[in-house]
Amino acid sequence: MTLGVEEYRDLLRTALGPAGDAGTQPPDFRTLFTPGSHRMALDPDATVVRGGRGVGKTVWFKALQNDQLRTVAASTYQLGRLTSARAVAGYGEELRPDDYPGPAALKGLLAARVDPSDIWAAVLLTALDVPVVRAISRWSDRVQWLQNNPDEFDRAIGSADQVAAGSGQLVLVLFDALDRLSGERREAEKLIDSLLRLALDLRTRTRSLRAKIFIRHDMFVTEQLQFRDASKLIATAADLTWTATDLFGLLYQLMGNAASAEQLSEQFRGDSGDWNFQDGGRYTPPRALVGDQAHQRLEFEKMAGSYMGTDHRKGRPYTWLPNHLIDGVGQVSPRSFLSAIRRANDVTSQEYAAHVTALHWDAIRRGVQLASQTRVAEVQEDLPWIGAAVNPLRGLQVPIEEPEVLSRWDDDGLAERLRSLNDDTEEVRTGPRSVGGHALVEELRELGVMTRRVDGRLDLPDIYRIAFNVGRKGGVPRIKH
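According to the numbering used here, the residues represented by the sequence shown are 53 to 533, in order.
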């Protein structure tokens with residue numbers, strides 16, 4: 053039986069839940085979604101996994117440590133080595149002082165001028181459960197033991213590799229939340245550089261020990277990797293990307309597995325194709341629902357109608373939504389996508405309750421506005437200099453000629469402010485490579501904040517433009533304050 057309007061709204065409200073992030077909500081067996089594009093990132097030999105905010109780095113960091121979820125990934129992606137893997141955390145945002153040093157311990161070690169390579173060596177031996185290291189409680193003492201017994205490092209690594217290989221097991225040491233390593237930019241860069249060196253060492257010198265490093269694109273700058281054989285890490289680096297079909301597949305996976313609305317989920321599954329049941333209560337969508345745009349569009353139109361208005365001139369919700377959430381490098385984060393739908397559902401329920409479908413088109417626009425606010429807040433937290441660069445453009449309309457952008461920057465004194473941001477401070481982790489001119493425009497383009505049209509004019513994707521209060525004729529309205 054087809055769901056009614058209110059039933060769709062109730063199911064969306066339950067399936068999407070409150071706004072949150074992977075740091076506070078662990079991945080769930082029923083709702084874990086496995087996009088085909090993530091297969092390479094999960095391969096044990098992909099040491100570096102790049103991705104922006106909200107694309108799934110922490111989800112996979114946590115999922116790989118869960119035997120049940122790792123088995124799902126191994127089966128879906130046909131990665132047999134994952135099935136026999138033992139995955140352990142080498143660093144993450146969760147406070148686990150016995151497993152890796154927290155911010156305070158790291159700060160103390162760096163203040164004592166401890167070499168970052170010694171810190172990571174101690175972390176690795178801890179992750180490998182080397183008894184003599186595990187028996188030491190303080191990180192400063194673990195590092196000191198390692199410095200006093202330099203020969204023991206290679207011996208411990210060799211022994212752990214031999215044991216793992218003999219049992220047919222792969223040991224996967226996972227690293228996430230590297231933006232939290234240090235508030236001081238140069239210290240964070242040194243820590244990351246040393247970690248990458250150690251990961252490469254494991255890859256080239258052992259058979260059964262691997263590191264997997266989840267990292268933001270801007271923190272893995274290939275031009276700055278100067279150590280021997282760094283090209284091997286670059287060549288095998290993988291990106292966590294999402295297509296529009298992946299995003300809708302995720303939405304349907306959540307709707308079909310809403311544990312606290314089981315009856316509604318069952319109705320949704322019955323109306324949307326032949327779902328596959330797995331032990332443990334997990335349902336996986338039919339292939340058409342995760343990989344066929346025409347089929348996905350028909351399903352979404354049951355909830356959102358056929359048009360973003362009264363007729364076709366305003367576009368169709370299925371294509372309109374991801375197109376207005378996409379950044380300049382062609383990516384939409386699932387966090388932005390789901391938050392936009394969550395907001396659209398709330399606004400429709402509160403202001404358009406009598407609408408003929410669960411989601412009103414104006415509410416979907418409002419959802420995009422909220423997603424833009426969230427994305428801009430995230431990017432300004434990660435890279436504060438981006439706000440400094442785009443804020444001088446407030447009130448303008450795009451597309452815009454590059455000379456006008458450069459003139460605005462000059463009038464704003466941007467170069468001097470960016471130089472101050474490039475100074476080492478507690479608040480700023482990363483500054484731009486250039487403080488102005490064409491080079492700064494190109495860096496914003498690389499990060500997806502700006503785009504360039506075929507006629508040379510500059511544009512801002514809606515996911516940034518709206519919250520930065522930059523206009524576009526006929527575009528989604530800026531947020532009124």
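There's no promise every hint is true.
As the list claims (entries may be wrong) - Taking lysine-lysine pairs in the DSSO-like style, the calculated list, with each CA pair at most 27 Å apart, reads: (1) Lys284 with Lys242; (2) Lys284 with Lys159; (3) Lys366 with Lys354; (4) Lys525 with Lys366.
In case anyone wonders, no lab produced these hints; they're calculated from the structure.
The structure presented is a predicted model; accordingly, all values stated were derived computationally and were not measured.
Structure-based check of all given hints:
no., hint, verdict
1, Lys284 with Lys242, "19 Å, holds"
2, Lys284 with Lys159, "30 Å, violated"
3, Lys366 with Lys354, "18 Å, holds"
4, Lys525 with Lys366, "14 Å, holds"
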